[in-house]
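K.L.:
Sequence:
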Amino acid sequence: MSDLAIRPSNPLTLAQLARDQLTQILAPAETARRRLGAWILLILVVLAAYSIAGLVVVLFGIGPAKISPVYPPAGIAVAAALIWGPRILPAIFVGQFLNGFPLLAEPGTTLPMYALANTGTGMGAILEASIAVAMLRSLAGTWHPFDRSRHVVIFLLGSSLGAALVGGTIGTLSLWAGGYWLRQIDWTYAEGGSVTVSLLQGNIAQEMKWRNDKISSTLSAYRDLVFASEARLIILPETALPLYLHEVPPDYLDSLAARARSNRGDVLVGAADVAYVEGLAFGAA
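Going left to right, the sequence shown walks through residues 124 to 408 as my numbering numbers them.
If you are wondering where the hints come from, they were derived from the structure by calculation, not from laboratory data. Fair warning: there could be bad hints in the mix.
Claimed, not checked - Calculated pairs, SDA-like style, for lysine to any residue (alpha carbon to alpha carbon, straight line, at most 20 Å): (1) Lys332 / Val318; (2) Lys337 / Leu376; (3) Lys332 / Ala344; (4) Lys332 / Ile358; (5) Lys332 / Gly393; (6) Lys337 / Pro360; (7) Lys337 / His369; (8) Lys337 / Glu361; (9) Lys332 / Ala394.
To be verified - For each label pair, taking beta carbons as the anchor points, the in silico distance ranges come out as: (10) Gly316 / Leu167: 55 to 61 Å; (11) Asp270 / Thr295: 33 to 39 Å; (12) Val179 / Gly316: 50 to 56 Å; (13) Pro373 / Pro230: 39 to 45 Å; (14) Ser191 / Asn326: 43 to 49 Å.
Ideal Cβ placement from N, Cα and C applies to all residues, glycine included.
Turn these sequences into a full structure, and let the hints guide you.
P.N.:
Listed below in structure tokens is the structure:
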């Protein structure tokens, strides 16, 4: 009679159990084997569909931020992840990364900042799709998730809203990180000495300003303010002088220029102007 050596089996670790559970939940619904070329073609098709759907949001979104109550690319991402599994997620990441191209039109956007912000939104899109699929299968208990009406409710309340919250949070944090990057850039720097500035306002009532009998007093009021200032840069309102520029007395402008020279600075004068093009009058200030 031979002795049998009995060896205790290695218990599964928590990490292995979690990995096995995650693998089961995210397993693709379609199990057909594909060649590498077919997978690449499938990824490109999903990428194109995701990007085109994102372009629709960019073109027809509300306001400068292109806000949309419905984000079609998210639906494409969930459907693709549900059918083809995690192997399709690179297409979702690249599609979301490319959908952030309007950020490049913003002044001061650098390529590193763009990469940082859109890497975050791409990761958010991947997590959003993965969480939606995982919650859907886990809560519904079947890979045919819409067999019953309760599955639809689970999808809407759990998968959609829960996943969107995670994806939106990560996307927002990545955009915040991009903004933090901008704060590290020195957009301006001091050069030379400081300059004193006076912003003058005559407080002339609009109903009085343009009256012919008040023009002289308005000109005098602003000239007195200019001569009372010791600043090197004196700035008057956009239409401080109630005359077209060619109607302002030359000696008046000469007196303001003389004051600027005595202060070793400049005076910015606001006045309306008019130009005639093909018989039409165009006003400017």
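K.L.:
For each hint, tell me whether it holds in the structure or not.
P.N.:
Verification of the supplied hints:
1. Lys332 / Val318: Roughly 31 Å separates the two Cα atoms, so the pair is violated.
2. Lys337 / Leu376: holds, 18 Å
3. Lys332 / Ala344: holds, 11 Å
4. Lys332 / Ile358: holds, 18 Å
5. Lys332 / Gly393: holds, 14 Å
6. Lys337 / Pro360: holds, 17 Å
7. Lys337 / His369: holds, 18 Å
8. Lys337 / Glu361: holds, 18 Å
9. Lys332 / Ala394: holds, 13 Å
10. Gly316 / Leu167: 55 to 61 Å: Given about 60 Å between the Cβ atoms, the range holds.
11. Asp270 / Thr295: 33 to 39 Å: For aspartate 270 and threonine 295 the Cβ distance comes to about 35 Å; the hint holds.
12. Val179 / Gly316: 50 to 56 Å: Cβ of valine 179 to Cβ of glycine 316: about 54 Å, so the range 50 to 56 Å holds.
13. Pro373 / Pro230: 39 to 45 Å: holds, 41 Å
14. Ser191 / Asn326: 43 to 49 Å: At roughly 47 Å between Cβ atoms, asparagine 326 and serine 191 fall inside 43 to 49 Å, so the hint holds.
When the structure is compared with the earlier hints, a violation turns up for hint 1 alone.
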